[in-house]
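Engineer: Spelled out, the chains give:
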Amino acid sequence: MNFFSEFGLYLITLKGMFSKPENGKMYWKEFMHQCADIGIGSLGIVAIISVFMGAVSTLQTAYQLVSPLIPLSTIAQIVRDTVILEFSPTLVCIVLAGVVGSKIASELGNMRVSEQIDALEIMGINTKAYLIMPKLLAAIFVIPMLIVISMVLSIWGGRVAGTATGILSAAAFDKGLHQYFKPYNVFFALAKSYTFAFIISSIPAYYGYNVQGGALEIGRASTRAVVVSCVLVLFADYILSAILL
Amino acid sequence: MIEIKNIKKGFGPKTVINDVSAVFRTGKCNLIIGTSGSGKTVMMKCLVGLFEPDSGEIIYDGQNFSEMNEERRKELRQNIGMLFQGSALFDSQTVEQNVMFPLDMFTKKTYPEKLRRVNEVLERVNLKDANKKYPAEISGGMKKRVGIARAIVLNPKYLFCDEPNSGLDPQTSLLIDKLIKEITEEYNITTVVNTHDMNSVMEIGDHIMYMYQGVKEWEGSNKEIIFSKNKLLNDFIFASEFLQDAKDMRMLEAKGKIDNNRNMDELLK
Numbered sequence: 001m002n003f004f005s006e007f008g009l010y011l012i013t014l015k016g017m018f019s020k021p022e023n024g025k026m027y028w029k030e031f032m033h034q035c036a037d038i039g040i041g042s043l044g045i046v047a048i049i050s051v052f053m054g055a056v057s058t059l060q061t062a063y064q065l066v067s068p069l070i071p072l073s074t075i076a077q078i079v080r081d082t083v084i085l086e087f088s089p090t091l092v093c094i095v096l097a098g099v100v101g102s103k104i105a106s107e108l109g110n111m112r113v114s115e116q117i118d119a120l121e122i123m124g125i126n127t128k129a130y131l132i133m134p135k136l137l138a139a140i141f142v143i144p145m146l147i148v149i150s151m152v153l154s155i156w157g158g159r160v161a162g163t164a165t166g167i168l169s170a171a172a173f174d175k176g177l178h179q180y181f182k183p184y185n186v187f188f189a190l191a192k193s194y195t196f197a198f199i200i201s202s203i204p205a206y207y208g209y210n211v212q213g214g215a216l217e218i219g220r221a222s223t224r225a226v227v228v229s230c231v232l233v234l235f236a237d238y239i240l241s242a243i244l245l
Numbered sequence: 246m247i248e249i250k251n252i253k254k255g256f257g258p259k260t261v262i263n264d265v266s267a268v269f270r271t272g273k274c275n276l277i278i279g280t281s282g283s284g285k286t287v288m289m290k291c292l293v294g295l296f297e298p299d300s301g302e303i304i305y306d307g308q309n310f311s312e313m314n315e316e317r318r319k320e321l322r323q324n325i326g327m328l329f330q331g332s333a334l335f336d337s338q339t340v341e342q343n344v345m346f347p348l349d350m351f352t353k354k355t356y357p358e359k360l361r362r363v364n365e366v367l368e369r370v371n372l373k374d375a376n377k378k379y380p381a382e383i384s385g386g387m388k389k390r391v392g393i394a395r396a397i398v399l400n401p402k403y404l405f406c407d408e409p410n411s412g413l414d415p416q417t418s419l420l421i422d423k424l425i426k427e428i429t430e431e432y433n434i435t436t437v438v439n440t441h442d443m444n445s446v447m448e449i450g451d452h453i454m455y456m457y458q459g460v461k462e463w464e465g466s467n468k469e470i471i472f473s474k475n476k477l478l479n480d481f482i483f484a485s486e487f488l489q490d491a492k493d494m495r496m497l498e499a500k501g502k503i504d505n506n507r508n509m510d511e512l513l514k
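Chains A and B supply the protein sequences, listed in that same order. So the first sequence is numbered by this note's numbering: it starts at 1 and just counts up by one. So the second sequence is numbered by this note's numbering: it starts at 246 and just counts up by one.
Bear in mind the hints are in silico, worked out from the structure with no lab data behind them. Incorrect hints may appear among the rest.
What the hints assert, rightly or not - DMTMM-like cross-link-like pairs, simulated, lysine to aspartate or glutamate; straight-line CA separation at most 20 angstroms:
{"no.": "1", "chain 1": "A", "residue 1": "K29", "chain 2": "B", "residue 2": "D349"}
{"no.": "2", "chain 1": "B", "residue 1": "K423", "chain 2": "B", "residue 2": "E365"}
{"no.": "3", "chain 1": "B", "residue 1": "K353", "chain 2": "A", "residue 2": "D174"}
{"no.": "4", "chain 1": "A", "residue 1": "K25", "chain 2": "B", "residue 2": "E427"}
{"no.": "5", "chain 1": "A", "residue 1": "K20", "chain 2": "B", "residue 2": "D374"}
{"no.": "6", "chain 1": "A", "residue 1": "K25", "chain 2": "B", "residue 2": "D374"}
{"no.": "7", "chain 1": "B", "residue 1": "K373", "chain 2": "B", "residue 2": "D451"}
{"no.": "8", "chain 1": "B", "residue 1": "K359", "chain 2": "B", "residue 2": "E382"}
{"no.": "9", "chain 1": "A", "residue 1": "K15", "chain 2": "B", "residue 2": "E316"}
{"no.": "10", "chain 1": "A", "residue 1": "K29", "chain 2": "B", "residue 2": "E341"}
{"no.": "11", "chain 1": "B", "residue 1": "K354", "chain 2": "A", "residue 2": "D237"}
{"no.": "12", "chain 1": "B", "residue 1": "K423", "chain 2": "B", "residue 2": "E462"}
{"no.": "13", "chain 1": "B", "residue 1": "K290", "chain 2": "B", "residue 2": "E316"}
{"no.": "14", "chain 1": "B", "residue 1": "K402", "chain 2": "B", "residue 2": "E382"}
{"no.": "15", "chain 1": "B", "residue 1": "K426", "chain 2": "B", "residue 2": "D451"}
{"no.": "16", "chain 1": "B", "residue 1": "K353", "chain 2": "A", "residue 2": "E30"}
{"no.": "17", "chain 1": "A", "residue 1": "K103", "chain 2": "B", "residue 2": "D336"}
Construct the complete structure from the given sequences, taking the supplied hints into account.
Structural biologist: Structure (C-alpha cells):
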C-alpha cells in the first residue's frame with residue numbers, strides 16, 4: 001500500500017468516528033475506562049522516566065558548566081527549560097507511543113481478528129465511533145496531564161539529584177527555577193502534548209482497526225504503529241518548534 | 246423471511262459469488278453448505294452487511310437492505326443476532342457482561358431488568374452459574390452458547406450462525422444444533438446457518454442451499470438431500486465411505502428393501 005492510499009484510509013477511518021452515539025452512557029463509560037487505562041496505566045512508567053530524566057539532566061548540565069563565571073542556579077534554569085520544552089513532552093510521548101500505542105493497536109487488532117469488531121457492527125454499533133473515539137479523546141485528555149506531572153517530577157528529580165550529589169544547594173536550585181521563567185514555554189509544551197497525544201492514539205488505532213490476518217499481523221501492526229507514531233512525533237516536534245518558538 | 250436476488254460479489258478480478266438467489270423462510274433453519282472457498286462466508290457477510298454485494302438485492306421482510314442508508318441499516322441490525330465461528334465474545338467482559346452488552350447499548354431497561362433477561366437467556370441456552378466467568382475460563386461449547394445467548398438477548402427476528410460447530414466435539418455440536426433449531430422454532434426466527442458439518446445438515450436442515458465455486462448448485466431439504474442425484478453435492482455430502490454407506494442404507498430403507506430394525510443382523514451376515 002502506498003503512502004497516499006494509506007493516508008486516505010487513515011482519514012476515512014477518522015472520518016468514520018463522527019456519528020451520533022447509539023448510547024451516550026456507554027460511550028462515556030468507555031471513555032472513562034480508557035482514561036483510567038491510558039492515564040493510570042502509564043503513570044508508573046512516566047513517573048520513573050521523569051524523575052531519572054530530571055536527575056540526569058542536572059548532573060550532565062553541571063558537568064558541562066565548568067566556568068566559575070556562571071552561577072550554579074543556571075543549572076536549575078537549564079534543567080527547567082529543557083524539561084518543559086523538550087524532555088517531558090517529547091521523550092515521554094515517545095515512551096507513551098510504545099506503551100499506549102502498542103496497547104491500542106494490539107487491542108483493536110485482536111478485536112478485528114477475533115471478529116469482535118464484526119460482532120459490534122452487526123449489532124448496529126458504529127465501531128469506529130465506539131472503539132476509536134473514546135481512546136482518542138481519552139489520550140487527548142489524559143496525556144497532557146501526564147506531561148504536566150512529568151515536568152513536575154523531572155524538576156523534582158533534578159533538585160534531588162543536585163542536592164544529593166552536592167552540586168548545588170536546594171536554595172540555589174529553587175532560585176534558578178524562578179529565573180527568567182516564561183509561562184509561554186508551558187503553553188508550548190501543552191500544545192506539543194495535545195498534538196502528540198492525537199498522533200500516538202490515532203495512528204495505532206488506525207493500524208489496529210485495519211488489521212487483516214492473524215496473530216502475526218497483529219504483532220506487525222503493533223510494531224508499525226509504534227514506529228510510525230514515533231517518527232511522526234519527532235516530525236511534529238520539529239514543525240511545532242519551527243512555528244511556535 | 247430473507248430473500249436474496251441475483252447476488253454477485255467479487256474481490257478484484259475474482260468472482261466469489263455469482264448470481265445467487267434464494268429465499269430463507271421464517272421459523273426454519275436455512276443452511277448454506279459448501280466446501281471451503283465456495284463463497285458461503287462471503288454470502289453470509291453480504292447478508293448481514295459486512296460486505297457490500299457488487300449487484301443484487303437482499304430483502305428483509307420486504308425491506309430492501311441494499312437500498313437502506315446507514316441509519317436504517319442500524320435499526321434493522323438491532324433485529325439481527327449473529328453467532329460467529331470463534332464466538333467473538335469480548336475478552337475483557339464476563340459472560341454476564343457479554344450477554345448484557347446489547348441490552349446496555351440499545352435499551353433503557355434498569356439493571357435488575359437487564360439482569361433478569363440475561364439470566365433468562367443464559368438459562369435458555371443451558372448455561373447457569375457461568376455469569377461471572379470470563380471467556381478464557383469457559384470451554385468452546387460454552388462460548389458458543391454464550392454467543393447464542395448474546396445473539397438472542399434482544400429477541401431478534403433474524404439469526405445468523407457462521408459455522409457454529411467448528412472446533413466442537415460431535416456431542417457438543419449436536420447440542421448446539423438442537424439449541425439453534427429449538428430457538429428458531431420457539432421464537433419464530435429466520436435462521437441462516439453456514440456450515441459444512443454433515444450432522445447439522447441432517448439434523449436441522451429445513452432448507453439447504455449448496456454452493457459450489459460461488460454458484461448455487463443445489464437447493465432442497467434434509468429429506469431430499471439423501472436422494473439427490475447432483476454429483477457435486479453427493480461428492481461433498483457423502484465424501485467418506487462411511488457416509489456413502491449410510492446413504493445407501495437410507496435409500497434401501499426408503500425403497501423398503503431393508504428394515505433397519507429387523508433385517509440388520511441378516512444384512513450383516
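Engineer: Against the 20 angstroms threshold, does the CA-CA distance of B:K290 and B:E316 hold or violate the hint?
Structural biologist: holds, 19 angstroms
Engineer: Going straight from one Cα to the other, do A:K15 and B:E316 come out at no more than 20 angstroms?
Structural biologist: Measuring from Cα to Cα gives roughly 16 angstroms; hence the hint holds.
Engineer: For the pair supplied as a hint, B:K359 and B:E382, is the alpha-carbon distance within the 20 angstroms limit?
Structural biologist: violated, 23 angstroms
Engineer: Within 20 angstroms, alpha carbon to alpha carbon, are A:K20 and B:D374?
Structural biologist: Distance ~37 angstroms between A:K20 and B:D374 Cα, so the pair is violated.
Engineer: For the pair we were handed, A:K25 and B:E427, check the Cα-Cα distance against 20 angstroms.
Structural biologist: Judged against 20 angstroms, a Cα distance of about 35 angstroms means the pair is violated.
Engineer: Please verify whether A:K29 and B:D349 have alpha carbons no more than 20 angstroms apart.
Structural biologist: holds, 11 angstroms
Engineer: Is the hinted pair B:K423 and B:E365 satisfied, with a Cα-Cα distance of at most 20 angstroms?
Structural biologist: Cα-Cα ~18 angstroms, so holds.
Engineer: Between B:K353 and A:E30, does the CA-CA distance stay at or below 20 angstroms?
Structural biologist: holds, 18 angstroms
Engineer: Hint check: B:K402 vs B:E382, CA-CA at most 20 angstroms. Holds or violated?
Structural biologist: At roughly 31 angstroms apart (the allowed maximum being 20 angstroms), B:E382 and B:K402 break the hint.
Engineer: Keeping to a limit of 20 angstroms between CA atoms, is the pair of B:K354 and A:D237 held or broken?
Structural biologist: This hinted pair is violated, its Cα atoms lying about 48 angstroms apart.
Engineer: Just to be careful, I want the Cα atoms of A:K103 and B:D336 compared with a cutoff of 20 angstroms; is the pair within it?
Structural biologist: holds, 15 angstroms
Engineer: Within 20 angstroms, alpha carbon to alpha carbon, are A:K29 and B:E341?
Structural biologist: Judged against 20 angstroms, a Cα distance of about 17 angstroms means the pair holds.
Of the numbered hints stated above, those contradicted by the structure are hints 3, 4, 5, 6, 7, 8, 11, 12 and 14, listed in ascending order.
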